[in-house]
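2 protein chains.
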Amino acid sequence: MSEKIGFIGLGIMGKPMAKNLVNAGYSLVVLDINTSAVNELTEMGAEAASSPADVASKVSKIITMLPDGPQVDEVVLGANGVLENAGSDTALIDMSSISPTVSKKIAASLAEKGARALDAPVSGGEPGAIAGQLAIMVGGPEDLFNDVKPIFDVVGKSAVLVGDTGAGQTCKLVNQILVGIHIEAMGEAFLLATKAGVDQMRVYEAIKGGLAGSNVLNAKVPLVLDRNFKPGFKINLHQKDLRNALEAATTMGLELPVTNIVQGMIGDLVDDGKGNDDHGGIVQALEKTNGVEIK
Amino acid sequence: MSEKIGFIGLGIMGKPMAKNLVNAGYSLVVLDINTSAVNELTEMGAEAASSPADVASKVSKIITMLPDGPQVDEVVLGANGVLENAGSDTALIDMSSISPTVSKKIAASLAEKGARALDAPVSGGEPGAIAGQLAIMVGGPEDLFNDVKPIFDVVGKSAVLVGDTGAGQTCKLVNQILVGIHIEAMGEAFLLATKAGVDQMRVYEAIKGGLAGSNVLNAKVPLVLDRNFKPGFKINLHQKDLRNALEAATTMGLELPVTNIVQGMIGDLVDDGKGNDDHGGIVQALEKTNGVEIK
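Chains S and X, in that order, are what the protein sequence lines are. Following the numbering used here, the numbering of the first sequence begins with 395 at its first residue and continues without gaps. Following the numbering used here, the numbering of the second sequence begins with 395 at its first residue and continues without gaps.
Just so you know, the hints here were simulated from the structure itself, not pulled from any lab data. Misleading hints may appear alongside valid ones.
The calculated lysine to aspartate or glutamate pairs, modelled on EDC-like cross-linking and capped at a C-alpha distance of 16 Å, are [what the hints assert, rightly or not]:
#: 1; chain 1: X; residue 1: K498; chain 2: X; residue 2: E468
#: 2; chain 1: X; residue 1: K589; chain 2: S; residue 2: E687
#: 3; chain 1: X; residue 1: K589; chain 2: S; residue 2: E649
#: 4; chain 1: X; residue 1: K689; chain 2: X; residue 2: D620
#: 5; chain 1: S; residue 1: K551; chain 2: X; residue 2: E649
#: 6; chain 1: S; residue 1: K589; chain 2: X; residue 2: D462
#: 7; chain 1: X; residue 1: K498; chain 2: X; residue 2: D620
#: 8; chain 1: X; residue 1: K551; chain 2: S; residue 2: E641
#: 9; chain 1: X; residue 1: K398; chain 2: X; residue 2: D448
#: 10; chain 1: S; residue 1: K682; chain 2: X; residue 2: E641
#: 11; chain 1: X; residue 1: K589; chain 2: S; residue 2: D558
#: 12; chain 1: S; residue 1: K413; chain 2: S; residue 2: E397
#: 13; chain 1: S; residue 1: K589; chain 2: X; residue 2: D558
#: 14; chain 1: X; residue 1: K682; chain 2: S; residue 2: E649
#: 15; chain 1: S; residue 1: K499; chain 2: S; residue 2: E468
#: 16; chain 1: S; residue 1: K589; chain 2: X; residue 2: E641
#: 17; chain 1: X; residue 1: K499; chain 2: X; residue 2: D462
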């Protein structure tokens, strides 16, 4: 008999992940405020739940894939939340990207009922979710990680246990700081090349194999040159991640000057109505200030 | 009979490059103010010259590998410079990393005597020079590039003709902007992880294959965690390259805010006597400001 697991949050990421789990033979109990997404899953054989508490009454392993910390907090700790029906066999697998502080708070509340949690945010965006090729960064107990690994193997191409509770979220913040700054680096470097009148693809070909090479360049240089900012991963989601990173830094007494600058640029772009562009489009802030487009 | 070429500048980069050319069968006419470096080459069979003009009287192809633009300007256009004995068969192959503006000025002066030039700066540092594995970024006439390609194949693993005169130097500036900002990105990301108490190598393993992955991370994360700042490529050379980049940007009316910040950090480190550290040590500026070391 197939294992029955809960899945709360059937958005742009959660829905394809849930479908991959159904297709891999798992019995799903699903929940979302979007009834059409729920219907897509029930038509595939999943069971619809009426509340997070209802999900927790029906299954022991519950995946959450929600927009940010406040939503995870509400679903787990709020009225009719997971916590109400959590017991010693309950395991929350929160795959949302949220603040490590919120992950620790939720894990501590669950622990009072003997329940356990993994924070397991992902990288790879919608294409990775659809293809089951996400990179999963996990924090929490090792035996629970090992127990859940078959689920991660369905939705992801890799799952690494980075450390204790919150370490998965910290790893995601590290990831997003790197990606955000790398996009800005690409912007500054290729804007200089544009103004100098040099062929950008030849520059890219000349440098990609050396120390300047990066996966951001490989993924985004061709898109920026095509002025293709269709998401991918939206600027306003990157804004959320850097907000969580900067809040975590402030809490720990750290100043991250370049992360701050990039977040300021992202804020300007969101104000300009570009929040739904792909995050490769962060270069547009620099282009606007300088009155020149990379081409 | 083996081709005879000139080589001016037998420093940390030039000397191993010249040796590789001798070992590949070229007859070299060499020049440097450091007589012990010259002696090393003459003991291998190279001929010593008395001035850049002397080199130009003996060979048609002349490689220069010098610290910065003023030195290349002096060697080519100064008293007893290459220009004095340059003719229509003379080809200057300047492999120094200098301002594209200086490269264009030198090429224009040589052109008045019918002589030609390539700007051909490299990436790969001392290890790349020793191994003959440099990445060479070239600007100038295509037929001259093709003519010189066998020389590039001895000292480098790749040589890409990026565009016209100055394009090689512009490409090097693009490279150094990217590398400098990527090092700072690594610093901000891994300082956050350090303060959060997460195992850095596990974080690196979890993210390296995704969008955050870069050659800077691959090369520098292990060294930073070992507090190993032995050069490699020195911070004060990166300072020179970013100075050339920011001067080029200013000339073109561009503002590069993050490049500016990184250059400010490098200036603080040079003031602190760390200019001879490897450029991976740029993270030390952020560490000092925050009073925490990455570990």
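Hints, one by one, checked against the model:
no., hint, in the structure
1, X:K498 <-> X:E468, "holds (15 Å)"
2, X:K589 <-> S:E687, "violated (38 Å)"
3, X:K589 <-> S:E649, "holds (12 Å)"
4, X:K689 <-> X:D620, "holds (8 Å)"
5, S:K551 <-> X:E649, "violated (40 Å)"
6, S:K589 <-> X:D462, "violated (22 Å)"
7, X:K498 <-> X:D620, "violated (42 Å)"
8, X:K551 <-> S:E641, "violated (45 Å)"
9, X:K398 <-> X:D448, "holds (14 Å)"
10, S:K682 <-> X:E641, "violated (21 Å)"
11, X:K589 <-> S:D558, "holds (14 Å)"
12, S:K413 <-> S:E397, "holds (15 Å)"
13, S:K589 <-> X:D558, "holds (14 Å)"
14, X:K682 <-> S:E649, "holds (11 Å)"
15, S:K499 <-> S:E468, "holds (12 Å)"
16, S:K589 <-> X:E641, "holds (13 Å)"
17, X:K499 <-> X:D462, "holds (14 Å)"
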